[in-house]
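Going down the list, the sequences are from chains A and B. The opening residue of the first sequence carries number 1363 in this note's numbering; numbering runs sequentially from there. The opening residue of the second sequence carries number 1363 in this note's numbering; numbering runs sequentially from there.
No lab work stands behind these hints: they were computed from the structure. Do not take every clue at face value.
Copies of one chain are not kept apart here, so a pair can be met inside one copy or by any two copies together.
Quick list of in silico lysine to aspartate or glutamate cross-link-like pairs, EDC-like style, CA-CA up to 20 Å [stated by the list, open to error]:
hint, residue 1, residue 2
1, Lys-1657, Asp-1384
2, Lys-1657, Glu-1444
3, Lys-1601, Asp-1631
4, Lys-1601, Glu-1629
5, Lys-1657, Glu-1592
6, Lys-1624, Glu-1394
7, Lys-1540, Asp-1425
8, Lys-1378, Asp-1631
9, Lys-1673, Asp-1384
10, Lys-1613, Asp-1543
11, Lys-1378, Glu-1668
12, Lys-1540, Asp-1426
13, Lys-1657, Asp-1426
14, Lys-1447, Glu-1489
15, Lys-1490, Asp-1384
16, Lys-1608, Glu-1489
17, Lys-1657, Glu-1668
There are 2 protein chains.
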Amino acid sequence: MSGDLGPRVAMAAAQKFIATFDDVDLLLVGNEQQLRSLAPTKKTFSPSRITYFHASEIVTMDDDPLAVLRHKQNSSMWCTVESLKNNLADACVSAGNTGALLAISKHLLKTFPGIERPAICKAMPTEKNVTYFLDLGANINCSAEQLHQFALMGSVLALSTIVMPRIALLNIGTENVKGTDIIQVAKTLLQNDPRLNYCGFVEADSLFSGDADVIVCDGFHGNIALKASEGTANFISQKIHRTFNKNWIHKLISVIIWPLLKQLRTELDPAMYNGASFLGLQKTVVKSHGNANQKAFMQALIVAREQVIQKIPARIQQQFLVKPSL
Amino acid sequence: MSGDLGPRVAMAAAQKFIATFDDVDLLLVGNEQQLRSLAPTKKTFSPSRITYFHASEIVTMDDDPLAVLRHKQNSSMWCTVESLKNNLADACVSAGNTGALLAISKHLLKTFPGIERPAICKAMPTEKNVTYFLDLGANINCSAEQLHQFALMGSVLALSTIVMPRIALLNIGTENVKGTDIIQVAKTLLQNDPRLNYCGFVEADSLFSGDADVIVCDGFHGNIALKASEGTANFISQKIHRTFNKNWIHKLISVIIWPLLKQLRTELDPAMYNGASFLGLQKTVVKSHGNANQKAFMQALIVAREQVIQKIPARIQQQFLVKPSL
Chain A
1363 MSGDLGPRVA MAAAQKFIAT FDDVDLLLVG NEQQLRSLAP TKKTFSPSRI TYFHASEIVT
1423 MDDDPLAVLR HKQNSSMWCT VESLKNNLAD ACVSAGNTGA LLAISKHLLK TFPGIERPAI
1483 CKAMPTEKNV TYFLDLGANI NCSAEQLHQF ALMGSVLALS TIVMPRIALL NIGTENVKGT
1543 DIIQVAKTLL QNDPRLNYCG FVEADSLFSG DADVIVCDGF HGNIALKASE GTANFISQKI
1603 HRTFNKNWIH KLISVIIWPL LKQLRTELDP AMYNGASFLG LQKTVVKSHG NANQKAFMQA
1663 LIVAREQVIQ KIPARIQQQF LVKPSL
Chain B
1363 MSGDLGPRVA MAAAQKFIAT FDDVDLLLVG NEQQLRSLAP TKKTFSPSRI TYFHASEIVT
1423 MDDDPLAVLR HKQNSSMWCT VESLKNNLAD ACVSAGNTGA LLAISKHLLK TFPGIERPAI
1483 CKAMPTEKNV TYFLDLGANI NCSAEQLHQF ALMGSVLALS TIVMPRIALL NIGTENVKGT
1543 DIIQVAKTLL QNDPRLNYCG FVEADSLFSG DADVIVCDGF HGNIALKASE GTANFISQKI
1603 HRTFNKNWIH KLISVIIWPL LKQLRTELDP AMYNGASFLG LQKTVVKSHG NANQKAFMQA
1663 LIVAREQVIQ KIPARIQQQF LVKPSL
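Whenever a hint applies, use it, and build me the whole structure from the sequences.
So this is what it looks like as structure tokens:
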């Protein structure tokens, strides 16, 4: 119901999603009347695959997470996460208030034993593949032990596509002595864990280099790196747009080379990488960017489906059950 | 003598610099024979404007700053900074080891009373103007008082082009309650200082938005934001390059639209914004990016000249002498 663009985008993406994948059913939680009014008039798939679940309240983007926990238990966000707890759904996707979604998810779904708090993890595009980057803002201050837990969770996600994923710690230099005390202790924990293929420190300019398959940091650092990269991409994209719209000659040129510009736009489209996972929870919760368009929201739904198929929560639980032979 | 590309780049930039600005003389510190061999054979300006100062040692990019302080007092970097201390020069520029340059500068030049440590500050391009961003890595852990000092120093720099510069704190959200305890205390200090036009928190995606004229953060956060933005710009620029070089048709198109691509490249060229200042020192020290080309090194020299003309160190000293009327 929330996100910057409201349920219209989520509904459009949901319809595309269910039409694309035969193996999913959808539970749509929110103001039922409003949601039904957004459904297509022409049925393109079996109505039995969609269930509406009415929720009277909405968590707004400005709501305080703790206040939501106390007072918004009839909200669509709460009911969505509760449907996972009650085994009515395998995964949920929301474009709403991140802090509230995190608080509700942690409260209702719990983390697995051995995991103090969930971490927000996102796949960043690289030249060859993707790099899993966490935590992106769930935990402002992290202990070295938490960073170690994030490394274990991130490695599970990377293992679905890569054998022996390389795990790195984000730092302000690659030299062995660099960084805060917490990062230095985390380095030792990662180095000594036989479950992890620790490959050293990386700097924030390596986010897209593919030098590591998993990059671990605290939520403050991750949030800054992610936002700085978003801001830079926006700045450059505005410059490109302005250059090609400066005058009619430039506009004409941009029409001629439109296929190239379109290809470039597709390759760099942030919608392609939408969908951040809350790792460490006992069920799959995926956060879509607040301003996600239909394509981006669809991508977040695909991330959720993939994590259910890959049984990511169970495999994370397994990772924390195994006693490492130190 | 150092930097990723050695003295060749610095010498070429120095020659361009002295030819462009009538009001500067140069002191070139390093291996004199090597430097002289890089000088142009054809004299384009009075030789009296260039003085060579022989230094036998070189600080390498991998040298430990503390070891440099103890054992490399004959290095070109040490002698350069010492020339400022001895009033042989008004400002120095180096593309060498940042940590070593900072340690030597702090040791020889000292900070002004009231300033605990220098901060690294850089002008970031925005749609309208520039935003001064500090600290970019000089101080891993900063107290709220240090962040306050950075705000005062940054505001002096911004005051050279802007009346009442807007000062912001980098945070992971713009809501008033967000961030670490240190950031919360710093917010109160900035809000209550009548010398500062504090405008609130900004997120890292606002680095290029022009929403603030000065953005203040600790060196760890600043370094991550700057590097993430550099990494993103590189990633996008590689994508653009690859798109326009994919096959002969694309190459042909890129030849046709070459003026547009050139304009775009010029506008986004990081060389245009090279030159980070070590603010808080009693003299002007400017750090050029290690991999700066001639144009970028020239830009760092221009930054240094500008700060001498604007008397930035004296004005920072003044800022810390004035007792705020609280």
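Each hint, compared with the structure:
Taking the shortest alpha-carbon separations for Lys-1657 and Asp-1384, only the intra-copy value of 19 Å comes in at or below 20 Å, while the best inter-copy value is 57 Å. Neither within a single protomer nor between protomers do Lys-1657 and Glu-1444 lie at most 20 Å apart by alpha-carbon distance, with minima of 26 Å and 59 Å respectively. Proximity of Lys-1601 to Asp-1631 under the C-alpha cut-off of 20 Å is found in both arrangements, the shortest distances being 16 Å within a copy and 12 Å between copies. Taking the shortest alpha-carbon separations for Lys-1601 and Glu-1629, both the intra-copy value of 17 Å and the inter-copy value of 8 Å come in at or below 20 Å.
Proximity of Lys-1657 to Glu-1592 under the C-alpha cut-off of 20 Å is restricted to the intra-copy arrangement: shortest distance 18 Å within a copy versus 27 Å between copies. Proximity of Lys-1624 and Glu-1394 under a CA criterion of 20 Å is satisfied in neither setting, with 37 Å inside one chain copy and 53 Å between copies. Taking the shortest Cα distances, Lys-1540 and Asp-1425 sit within 20 Å of each other only across copies (13 Å), while inside one copy they are farther apart (39 Å). Taking identical chains as interchangeable, the C-alpha atoms of Lys-1378 and Asp-1631 lie at most 20 Å apart only when both belong to the same chain, with a minimum of 19 Å there against 41 Å between chains.
Within a single copy, Lys-1673 and Asp-1384 get their C-alpha atoms as close as 18 Å, which meets the 20 Å cut-off; across copies the closest is 69 Å, which misses it. Proximity of Lys-1613 and Asp-1543 under a CA criterion of 20 Å is satisfied in neither setting, with 54 Å inside one chain copy and 50 Å between copies. For the identical chains of this complex, Lys-1378 and Glu-1668 are intra-copy neighbours only, at 16 Å inside a copy versus 57 Å across copies, given an alpha-carbon limit of 20 Å. Proximity of Lys-1540 and Asp-1426 under a CA criterion of 20 Å is satisfied inter-copy only: 11 Å between copies versus 36 Å inside one chain copy.
In this assembly of identical chains, the alpha carbons of Lys-1657 and Asp-1426 never lie at most 20 Å apart, being 29 Å within a copy and 49 Å across copies at closest. For the identical chains of this complex, Lys-1447 and Glu-1489 are neighbours neither inside a copy (38 Å) nor across copies (47 Å), given an alpha-carbon limit of 20 Å. In this assembly of identical chains, Lys-1490 and Asp-1384 lie within 20 Å of each other by CA distance neither inside one copy nor across copies; the values are 30 Å within and 50 Å between. Only between protomers do Lys-1608 and Glu-1489 lie at most 20 Å apart by alpha-carbon distance; the minimum there is 15 Å, versus 31 Å within a single protomer.
Taking identical chains as interchangeable, the C-alpha atoms of Lys-1657 and Glu-1668 lie at most 20 Å apart only when both belong to the same chain, with a minimum of 16 Å there against 48 Å between chains.
Checked against the numbered hints listed earlier, the structure breaks hints 2, 6, 10, 13, 14 and 15; every other hint is satisfied.
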